[in-house]
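*Asks:* Protein chains in written order, with my numbering: chain A, 1 to 251; chain B, 1 to 251; chain C, 1 to 251.
The reader is advised that the hints may include incorrect statements.
In this list, chains with the same sequence are indistinguishable; a pair is considered to hold if it fits within one copy or across any two.
[As the list claims (entries may be wrong)] Capping the alpha-carbon separation at 30 Å, the derived lysine-lysine pairs in DSS-like fashion look like this:
{"no.": "1", "residue 1": "Lys61", "residue 2": "Lys140"}
{"no.": "2", "residue 1": "Lys104", "residue 2": "Lys61"}
{"no.": "3", "residue 1": "Lys164", "residue 2": "Lys30"}
{"no.": "4", "residue 1": "Lys104", "residue 2": "Lys140"}
{"no.": "5", "residue 1": "Lys140", "residue 2": "Lys165"}
Hints were generated in silico from the structure; no laboratory data involved. All values derive from a computational prediction rather than experimental measurement.
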Amino acid sequence: MPVITLTTDFGLSDHFVGTMKGVIAGIAPKSTVIDICHLVTPHNIAEGAFVLSQAYRYFPKGTIHVAVVDPGVGTQRRPILAQANGQYFIGPDNGIFSFLEKVKVRAIENTRYFLPAQSSTFHGRDIFAPSAAHLAAGQKPKSFGPLINDPVTIDLFPKQLTRKKWTGLVLKVDHFGNLITNLPATLGRVKQLTIADRTLTETAATYQQMSDTTPTLIAGSSGYFEVSVRQGSAQAALGCGAGTPLELTLW
Amino acid sequence: MPVITLTTDFGLSDHFVGTMKGVIAGIAPKSTVIDICHLVTPHNIAEGAFVLSQAYRYFPKGTIHVAVVDPGVGTQRRPILAQANGQYFIGPDNGIFSFLEKVKVRAIENTRYFLPAQSSTFHGRDIFAPSAAHLAAGQKPKSFGPLINDPVTIDLFPKQLTRKKWTGLVLKVDHFGNLITNLPATLGRVKQLTIADRTLTETAATYQQMSDTTPTLIAGSSGYFEVSVRQGSAQAALGCGAGTPLELTLW
Amino acid sequence: MPVITLTTDFGLSDHFVGTMKGVIAGIAPKSTVIDICHLVTPHNIAEGAFVLSQAYRYFPKGTIHVAVVDPGVGTQRRPILAQANGQYFIGPDNGIFSFLEKVKVRAIENTRYFLPAQSSTFHGRDIFAPSAAHLAAGQKPKSFGPLINDPVTIDLFPKQLTRKKWTGLVLKVDHFGNLITNLPATLGRVKQLTIADRTLTETAATYQQMSDTTPTLIAGSSGYFEVSVRQGSAQAALGCGAGTPLELTLW
Numbered sequence: 001m002p003v004i005t006l007t008t009d010f011g012l013s014d015h016f017v018g019t020m021k022g023v024i025a026g027i028a029p030k031s032t033v034i035d036i037c038h039l040v041t042p043h044n045i046a047e048g049a050f051v052l053s054q055a056y057r058y059f060p061k062g063t064i065h066v067a068v069v070d071p072g073v074g075t076q077r078r079p080i081l082a083q084a085n086g087q088y089f090i091g092p093d094n095g096i097f098s099f100l101e102k103v104k105v106r107a108i109e110n111t112r113y114f115l116p117a118q119s120s121t122f123h124g125r126d127i128f129a130p131s132a133a134h135l136a137a138g139q140k141p142k143s144f145g146p147l148i149n150d151p152v153t154i155d156l157f158p159k160q161l162t163r164k165k166w167t168g169l170v171l172k173v174d175h176f177g178n179l180i181t182n183l184p185a186t187l188g189r190v191k192q193l194t195i196a197d198r199t200l201t202e203t204a205a206t207y208q209q210m211s212d213t214t215p216t217l218i219a220g221s222s223g224y225f226e227v228s229v230r231q232g233s234a235q236a237a238l239g240c241g242a243g244t245p246l247e248l249t250l251w
Numbered sequence: 001m002p003v004i005t006l007t008t009d010f011g012l013s014d015h016f017v018g019t020m021k022g023v024i025a026g027i028a029p030k031s032t033v034i035d036i037c038h039l040v041t042p043h044n045i046a047e048g049a050f051v052l053s054q055a056y057r058y059f060p061k062g063t064i065h066v067a068v069v070d071p072g073v074g075t076q077r078r079p080i081l082a083q084a085n086g087q088y089f090i091g092p093d094n095g096i097f098s099f100l101e102k103v104k105v106r107a108i109e110n111t112r113y114f115l116p117a118q119s120s121t122f123h124g125r126d127i128f129a130p131s132a133a134h135l136a137a138g139q140k141p142k143s144f145g146p147l148i149n150d151p152v153t154i155d156l157f158p159k160q161l162t163r164k165k166w167t168g169l170v171l172k173v174d175h176f177g178n179l180i181t182n183l184p185a186t187l188g189r190v191k192q193l194t195i196a197d198r199t200l201t202e203t204a205a206t207y208q209q210m211s212d213t214t215p216t217l218i219a220g221s222s223g224y225f226e227v228s229v230r231q232g233s234a235q236a237a238l239g240c241g242a243g244t245p246l247e248l249t250l251w
Numbered sequence: 001m002p003v004i005t006l007t008t009d010f011g012l013s014d015h016f017v018g019t020m021k022g023v024i025a026g027i028a029p030k031s032t033v034i035d036i037c038h039l040v041t042p043h044n045i046a047e048g049a050f051v052l053s054q055a056y057r058y059f060p061k062g063t064i065h066v067a068v069v070d071p072g073v074g075t076q077r078r079p080i081l082a083q084a085n086g087q088y089f090i091g092p093d094n095g096i097f098s099f100l101e102k103v104k105v106r107a108i109e110n111t112r113y114f115l116p117a118q119s120s121t122f123h124g125r126d127i128f129a130p131s132a133a134h135l136a137a138g139q140k141p142k143s144f145g146p147l148i149n150d151p152v153t154i155d156l157f158p159k160q161l162t163r164k165k166w167t168g169l170v171l172k173v174d175h176f177g178n179l180i181t182n183l184p185a186t187l188g189r190v191k192q193l194t195i196a197d198r199t200l201t202e203t204a205a206t207y208q209q210m211s212d213t214t215p216t217l218i219a220g221s222s223g224y225f226e227v228s229v230r231q232g233s234a235q236a237a238l239g240c241g242a243g244t245p246l247e248l249t250l251w
């Protein structure tokens, strides 16, 4: 039975995530449920997209990824089932799966896969968890609803200004205070990064190579450039966070 | 093998919860353990009861729910095994299962189900986890101890003042800052709610229907009235939290 | 298939831990993964060692414990596989397994057990998780690399000053604000404990025996002396935390 992953902004201080797992245990008791993250900043769809985009490739084929960052819960926004990379993605149609390439998307319309009573505020429990569980239990994707060609997308990518200049932004601050940018580490060799009125020119290949307090650019495990302070917090050192604009200059 | 759930105030920054799962893995290796919540406010039995009351109905029959919010750990308070709703509930006899109806309660007295050495401060590890695991592994409820008819209960319910007026309180502030009350959404159509010297008259069916900053009443996924601010925090807007008294007036 | 546990300082707000579990699910899909703790203070190897030392004995024989508190990630520090207590321990060679007795340690050199591409900042995903999964899937310990006799160790133990006096320190502040010391509760009967310019003389066997606000010594479930305040926080009452030095006087 496949793996089901959960990515939400539900936090860990309520019954929300546990209840979703209870619903899944009732429908697909042999599935394995894995938490990716439940501390996405509330209502921040782009951050949810980033977190899942970092993790999904490391899961086996057939994995069902449920992502619920859903400020539009209770409105007419569609629940969707996306297929890409040999995996499945279930969540609201609000751009949270925008990172997927070569994706096939269905609107989930088959209410037989929902809980009998649906609240207007907790579709994670009432719609997304049971849909994922029914898919894990063997229901066919096409039984969920029709293909659609107009899923909502959001723009997660940097812009190229000149041959040597790009603008981007901080996608996320991680637990260690590293600033993860949306600038792929493959863009080229860095001359400088302008961020929060500071111009950074230090680069390093490992944390140990960094001098003690200077914010330094490193090719992160994310595949993006990250700004780090050795055994410290770049967020604190630079006084900035998610959404901060950046300008990158290459040699 | 049945599902075992865990609800505690142990937090996530220690070895406590993981150790309970290690004990279970040794006794009932094929059981599935699901966390409901470990961030119940320390020693707040009523909040623990609320969290579990929200989740348990969504789990399959036969599920074993372990709840440990236990300020009396190490004293003579009894460990109990309750049966209701086709499920099992294991924890201290301090009212944490007060929400259960038609319940049958046993004192757990069979020390063969405990770890050989019991600390006086961590019965989650030494008594409750191994008891749950032995139950999951097939031991009969009656082998745990005798039925009792005097379990401790706590009062979680609102009071009716007149035909149109109820008093209640905020049960819990959720991760989004929503104030969850103990006033069932089925009481009637709301005229106003008095809370923290404010009188609220706005109601909505979804978050999107709310105006941007006005605290608004909504029938929550909990089945209770909740006070919310659209994409904001009602807790911050009203400056109040769990335990705040309320007065509800119906039309 | 054996249990794999995870102890890290990766936090819960990123994709880090979920991604490690995805890697394991791809290699050893039938293993059971249990979180011990992911909120070890960043880069605090001694705290990570303490957390795992508290939990590991409660897991079944054959369990594979992965611990990643790894400020030296990306440098030449070795990945190791330790064997003790009928269990396995995988992590960086930085002293995080110093609490183990009668231990046999191998350097992990077999890169066939790593992910094909290794970042210089996330060996939890690229080296430690896949190594643990291959071990769970049946690969032999000796296939990971050669035995070594110079693993890094750190000193976690108190010092004896006189027959009746010991010095130690606070190992960790737990979720409830209890100060867990490195002084074994078996040292003897306590006369007094000096901590943060205060001299404590109160002892108790349970939290309920404590007076309401006096910081009190108790033999904790950890096996060490702990300083607690009944239904309060000793950390707040004494204004001190991990690393604070202590002097214990016995009768």
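*Asks:* Hint by hint, say whether it matches the structure.
*Replies:* We went through each hint and held it up to the structure:
1. Lys61 to Lys140: both (16 Å within a copy, 27 Å between copies)
2. Lys104 to Lys61: within (16 Å within a copy, 37 Å between copies)
3. Lys164 to Lys30: So Lys164 and Lys30 fail the 30 Å test inside a copy (52 Å) and across (49 Å) alike.
4. Lys104 to Lys140: within (14 Å within a copy, 42 Å between copies)
5. Lys140 to Lys165: neither (47 Å within a copy, 51 Å between copies)
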